[in-house]
Structures are given as structure tokens and as C-alpha cells.
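> Once you have looked at the hints, place chain B on chain A.
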Amino acid sequence: MTAWFSFIAVLVLTAVVFFGIEAAGLRFIFGVIIPYAAVAVFVVGFVYRILKWTKSPVPFRIPTTCGQEKSLPWIKYNKLENPPGALATVGRMALEVLLFRSLFRNTKAQLRDGPALVYGSSKWLWLGGLAFHWSMLIVVLRHFRFFVDPIPAWVHYLQNLDGFFQVGLPIIYISDIVFLTAVTYLFLRRVVDSKLRYISLASDYFPLFLLGGVGVTGVLMRYFLKVDIVGVKDLAVGLVTGHPVVPEQTGVLFFIHLFLVCVLFAYFPFSKLMHMGGIFLSPTRNLANNNRVKRHINPWDYDVKVHTYEEWEDEFRDRMKEAGMPLEKE
Amino acid sequence: MSEDLIKPDELVKIDYRPAKPGWMDTKPQFRKGTFNYGAIPKNVEYLDLPFPRRWQPTDDDWQLPENWKTIILEGLRERLDRFRSLRLFMDICVRCGACADKCHYFIGSGDPKNMPVLRAELLRSVYRRDFTTAGKIMGRMVGARDLTVDVLKEWFYYFYQCTECRRCSVFCPYGIDTAEITIIARELLNLVGLCIDWIVTPAANCFRTGNHLGIQPHGFQDSVNFALDDLEEITGIRIDAPVNRKGAEILFVVPSADYFADPHYYGFLGYLALFHEIGLDYTFSAYASEGGNFGLFHSHEMMKRLNAKIYAEAKRLGVKWILGGECGHMWRVIHQYMDTLNGPADFLEVPVSPITGTRFENARATKMVHICEFTADLIRHGAIKLDPSRNDHLRVTFHDSCNPARAMGLLEEPRYIIRKSCNNFFEMPENTIREKTFCCGSGAGLGTDENIEIRMRGGLPRANAVKFVHDRYGVNMLLCICAIDKATLPTLMDYWVPEVQVGAVHEMVGNALVMKGERDRTTDYRGNPMVGREDKADE
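Here the protein sequences come in this chain order: A and B. Counting in my numbering, the first sequence tops out at residue 330, every number present. Counting in my numbering, the second sequence tops out at residue 539, every number present.
What the hints contain is simulated information worked out from the structure, not anything from laboratory work. Don't be surprised by glycine CBs; every beta carbon is placed ideally from N, CA and C. There could be a bad hint or two in this list.
Unchecked claim - Not everything, but these chain A residues come out facing chain B in the computed CB check (under 7 Å):
#: 1; residue: Thr64
#: 2; residue: Ser102
#: 3; residue: Val304
#: 4; residue: Arg319
Unchecked claim - Derived DSSO-like pairs (lysine-lysine); straight-line CA-CA distance at most 27 Å:
#: 5; chain 1: B; residue 1: Lys20; chain 2: B; residue 2: Lys42
#: 6; chain 1: B; residue 1: Lys315; chain 2: A; residue 2: Lys321
#: 7; chain 1: A; residue 1: Lys76; chain 2: B; residue 2: Lys436
#: 8; chain 1: A; residue 1: Lys79; chain 2: B; residue 2: Lys420
#: 9; chain 1: A; residue 1: Lys195; chain 2: B; residue 2: Lys436
#: 10; chain 1: B; residue 1: Lys436; chain 2: A; residue 2: Lys123
#: 11; chain 1: B; residue 1: Lys315; chain 2: A; residue 2: Lys329
Claimed, not checked - Pair by pair, the computed Cβ-Cβ distance ranges are:
#: 12; chain 1: A; residue 1: Phe224; chain 2: B; residue 2: Lys153; range: 53 to 63 Å
#: 13; chain 1: B; residue 1: Pro50; chain 2: A; residue 2: Ser194; range: 34 to 44 Å
#: 14; chain 1: A; residue 1: Leu127; chain 2: B; residue 2: Pro21; range: 29 to 39 Å
#: 15; chain 1: A; residue 1: Leu188; chain 2: B; residue 2: Pro65; range: 43 to 53 Å
#: 16; chain 1: A; residue 1: Val16; chain 2: B; residue 2: Lys20; range: 27 to 37 Å
#: 17; chain 1: B; residue 1: Asp240; chain 2: A; residue 2: Pro73; range: 28 to 38 Å
#: 18; chain 1: B; residue 1: Val514; chain 2: A; residue 2: Tyr302; range: 43 to 53 Å
#: 19; chain 1: B; residue 1: Pro50; chain 2: A; residue 2: Leu80; range: 37 to 47 Å
#: 20; chain 1: A; residue 1: Pro73; chain 2: B; residue 2: Ile237; range: 47 to 57 Å
#: 21; chain 1: B; residue 1: Pro50; chain 2: A; residue 2: Phe144; range: 52 to 62 Å
The shape of chain A in the complex, shown without the other chains (with noise of 0.2 Å):
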């Protein structure tokens, strides 16, 4: 239900842009001033949500620790799993962000007769988080020989890297292939298990689809039907520059693949895509396991009502020089 109704979603979105270009001509809506606005969205939500973020503090040191800490010197202590310092804590988002380093350890428990629980490695949600992230980052940095003329030379290496193998005219790209697959697994999981079906909301299953609409528009164009190339790249350099000139002979398949991204773009702030900016606020992985060596302040602490010593005493000291124990107050 929440799935299809993510899907009827990115049909209508894409039904809009067909019926803007094609029927009404709205060109330069969809081409220039959906992209900037989507963009400044983008922006301003995304350093909106941060600031968000970064106004309610961290009251307590609260990092989740994996491993040994750093405690007598005999002792070899996990700096990457229990970082006793800000390098080592750097280390360890580093790990978390580049490397998915938590969602390694995924096990799979399962109950057996006997009874018998067993936790079987369980890989497949990392690797295919980590295909899916890796992938998308390397499609998107591709896409600067559309933004910046001449295309630079790091883009040119990123593109023969990623068309290694030679295969197919144009060659085909590692990571389209790896891309598609790996939204298509994110995607079936969801579906498959029954866990999973059960926890999905509509939010899950829309950023999915409107990724995947984005990914199958341009493996289309790329592959299969050519667009004016040219003009998109005009049209591109343009909106970089401030200049932007929309291309009349493009077809409407490029402008579903850019008004999807815009939409992308535009949902990002609002939606659980933001874990991008969050996790590098995440408390129980950007703290260092210094608690004990370094004082962290509150900045809302309170007084609070304590059972003081001498009330305790005044309560209890008939019974307490009764049974010979030392006193402040005879």
C-alpha cells in the first residue's frame, strides 16, 4: 500500500514533466527555474536541518563503546571501536561513513530446534548500502563534465575508471550497472522481508523510487536514446554560470531525469535522506570514551533536591550511635 503509493507518487511527478514539455512547452520552467529553486531548497533545508541539529546540545558524553577502552597501560584498547581521543575518534566516523563500518557487524539470528540460537554473518545489507552509496557518489561526480567547461581532467579519469572493462558503445559504466542493482535490492528487501515490510513507511519506498526513476532515465539516455547532448550541456554550464540557455531540441526524457533530481533535490531536506548531515552529529559515535579523563559540561544543568548528609544524620542518628558508628553530630 505505502509502496504503491510511493510509486503512483514519482508516476504523477513524472507525468507532470511529460505533459509540461510536451503538451505545454514549459521549458524554461522545468529547465531553469525548477532547478534553481530545487537547489536553493536543497540548500537552505539542508543547513536549516544542521543548524537544527547543532542548537540542542549534547548534554552527556554518551559514545557506544566496541571494544576495549584505554585504561591501564598494559591493556591493549580498540582505538577505532573505543576511540580515548579526538584523532582516533576521527578514525572511527571515518570508518562509520566511508565504510558503513556498524552495519558490518549485521548478524542474522535465527532460532533453531533445541532450542539453538544462532547469529549467521549477514553482509548483504552493507555491501549493498555501501554499492548503492559508493555508486551514486561516483555517478554524481561523472556528472561535472556537464557543469564545468573544459571537463576537467579528474573527470575523465573517474570516467575511464569507472568504463574499465571496455564493454559495449558507449562503453558502459560500472557504476550505472551497480547503481540500478543495488536501489533494485534496497528496493525488494523492503518488500521481501517480512520485518521489513512491516516497519516500511511510504517515505521509505518514495526516495527509492524517485532514485531509481532518476537512474533508469539515465541509463536511457546514455544507452539507449540519445538526447541532444550538446544542449544539455549548454543548458547545464548555463545554470552553473548564471547564464542558462534552454536547449529546444532535447527531448522530455532528459527533462523527466532532471525534474526528478530536482524533486530529489527539493524532498532531501524533509525527509530521511538528511542522515547524509546526521550521522556526523551522532552522539554515540563522534564522542570520544575520554569520560572518565576529561570533564563534559552540561550547559543546562540544574540544582535538583538531594537527601543532604545532615538531614540523613538528624533521621537516623539514635540508631546509628546505637550501633557504634561514628557521628557528626552527638
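Relative to chain A, chain B alone:
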């Protein structure tokens, strides 16, 4: 254990496939054995908490204050502004499901709302509705729903079915910590007087007398004296253990169960024997006679109120530093909160072991050292003589307690001590120990008979790992360094692996400790004969 408790072979018939309808359309059943009773008004009042009243979760009418909804939503707003963790964890979950089968309660119950992701969604759904634009407009489609009495009841059921063990946060790619969400959700429930007796009563006791059990100072003194008598009987040595003594070098704080409950008590004897043997200049305090802190299971504020006694007493007694006993959540509070809550401890000195001269640099601000760090250092320096063969009648395994493992990283010290005091030590499977350790299923204030079925369910993963080493290596002793573990694991073992006993790491130290002037030892602290000395034990 009650008669009507479900039998183990029935309990393990668990279906992990969530049934229809969706989670927003199901309500929890407050079935006996699955929930905890409401707090009695007397203790709610004693702690000046809001809306004391007589109520039970099984009542239809929970007698909520008229403006309960405003109170909760305002409370949520305030906490979103105070805790980055909360705001972030409300926003960034992608529901990837990595946490789903990491929760001991989910593994033991199959209840989909025990998946950490869904436990958090119970709160998130309300957050979305009232604090996000998408939720206001799109409602259910984006997982938003109104706060209703039923939602509140659901919160009560499931946030008192989370032991704040943080296992899920180890596996979460963003480190989302359900403990943090549960702590704050419980704070919200407290605002309208929905708290449980098993937490509020110990907290009230602790506030008044200094410990959760409500033992008054003279009773504390009696307990210590009693232990000294027992120790004399076992070792033949009469030792001393000062209470409230000013000018001692070290204040020693233990969870109250150590001196009042079985099997904690044998670990307590171990501490006393050890301190005597090394001639430690220390004191107990009857005022700070609780290291544990049920305040943590209630609210950040209550945690601070109860924890304040430790530094206050250290100051009054004029000690140099503080040593802490074996306890799980106690060490979460001491390691991650105490200095922030009630510090700075600038009136204390950086802890230095008077025996070995080791400076505990890792505790130089908080000035409190874990007994396992202290003892491991003693052993390493050859400061005590241990005869591990005295534990040869035991085949031991070690259960990492959640908090020392995941909120501290105290993994090697207890293992080092065990290896030096026992000859037969066997680790449980890799995915069930260290940072991946499974909760006893009874932590965070849930270790009572009231919710016994849920406890046996939640304890299944731990018990099953114990069963594995029991079957394979003949393990008969489950060691741990947590007072709640020691209180609740025996029940769990009786249910799942009856042949296994539960003990303290320092019980092993006590058994193995060769003391100057001791009588010929033939039994361990529990009176069980040692291997090769059975004949003598009978004499």
C-alpha cells in the same frame, strides 16, 4: 517462579513474521507476566514526583491529568531542545532494519514492536505529527499519528520492555541509541505520573536511606559485621571493615545487593578479603551505601539526585579517591554521567593504587576506579597470591554486562582476573559477548517477578549462549560484574539452564586468594568442597 509461567518448550515457539494489521492498528495486551505494576503513591510523593495516585496498567482508566497531552508534548518539545541525541534520532532513522533482530526482547518474543526501530517509531510517530511539517500534512503515509491514550499505553508497555542495553546501537549505521530514546520516553511518562513501582520504590529508598533496599545505617553496619563473621569462619582470619570513617584514603562504593543478596554476597566477601590482604586504607559509607542508581531508569534528574551522594560523601569523609564495586548500570552512571552531573571532583586526587603505585590516568577527572581495574593491576604487579586450583571445581564463563561493555569498554580487566583466578574459563560464542553481549533481560528496572514471562523471553539469547558452553564444556558457573545480573540471572538459569550457577568475578578472587595466616582452606565461599580437598571438607 510462578506456577502459571509459560514452559520453556512452549515459549520457544516464536513466530518472527509480524501479523496483520499494521503496527499503528494494534494495541498491547496487558497480560500478567508481561508488564510492571504502577508506583505506589507514597513513594511517588516522597520523591516529589507529579500526580501520585493508585493505578494499575490493567485499569481501563489510567486517571490521567486533564491536560496530559499538553504536558507530554511540552515535555517532548523541551527535550528535543535539550538533547541533540533525541532530535537527531527522531530524524535520521532510515528503517534499514539492521537493529531488528539485535534486541533480546524481539528475539525472545517475536513481538514486532520490540524491534528497536519500531520501539523508537512509537515515539517518532508522535514527534512527526506535532513537530514536522510532513507529518502534519501527510499523516499516516509518513508514519505520523496523533497522541492518544492508546498511544500512551503503548509507550508504557514498550518503553518498560526495553532494558536500555544499547546492543542495537552497536549495529545501527548511525549509532541510534534506543536507550536514549527509552530514557526520554520514560521521562515523558513520568510527567503524567506513569512510573513503575519497581523503579520508584528503590529510588525513594535510596534517596532516604542511601541504598535501594532501604537498609538503614545500623542495618548496613550489621550486614558488614555479618560478612566479617562469615569470612572469619571460612578463612580463620578476623578482619576489619570500617564504615563512615573519616580520613581513609579511599571511599569504597558497592551496589547494595552486594551486601544483602545472594550470590552477590560471595563477591562482597571477596572484596573484604582482598582489601584486608593488601592492607587497603578504605572506608564504606552508610550514607552512600548504593553504587547502583535506579534514577537512571527513571529520569536524568533522578539519576543526578541519587548520584549526588557519592561525591558529597567523598568530600565529607576527606578521602583521596573512590573505588567502585561490580555493577553494570552503576558504571554507566559513574563513567558517562557522574562528573557532568555532580562534578567537578576537584577536592579529590587522581587515583593512585597505594599498593602498586599505579596512577589511574583513565580516571583522572572523575576520580573513581572500577574494582576490576584495581584488582587487575594488583595481580599484574604480583601484589596478591592467587591459587586458581581452588576454583577447579568450577568451569566458568563470563557474561559481559551491557553497560561496562557498551558504555565503557571494560572487557579485558575482568577476563584477566578470571584467567588468573580460575583454571577453567570458557568464552561464550563471539556474537554474544563483549560489545555484542546480550542483556540479562531484566535490566533498567525490569527485574521483578511481575514481568517474569518477558524476562524469560528477553533472557533467552543470553541463556542460550550459556547453554551452548554448558553443553560443550560443562560450564557450571556464569560470572558477571553486575548486581542486576546477579539478582536476575539465577532465575533465568533455573528456567533455561538449571545446572548453571551465577557468581561474581570477585567471588573467584576470594576463593583463590591465599591469605596470610588463613586456615587450611577446603571449601569455597559457598561451602562447596574444593577439588582434591573433599575429604577434608567433610571433617
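> Kindly indicate which numbered hints from before are broken by the structure, ordering the numbers from low to high.
5, 20
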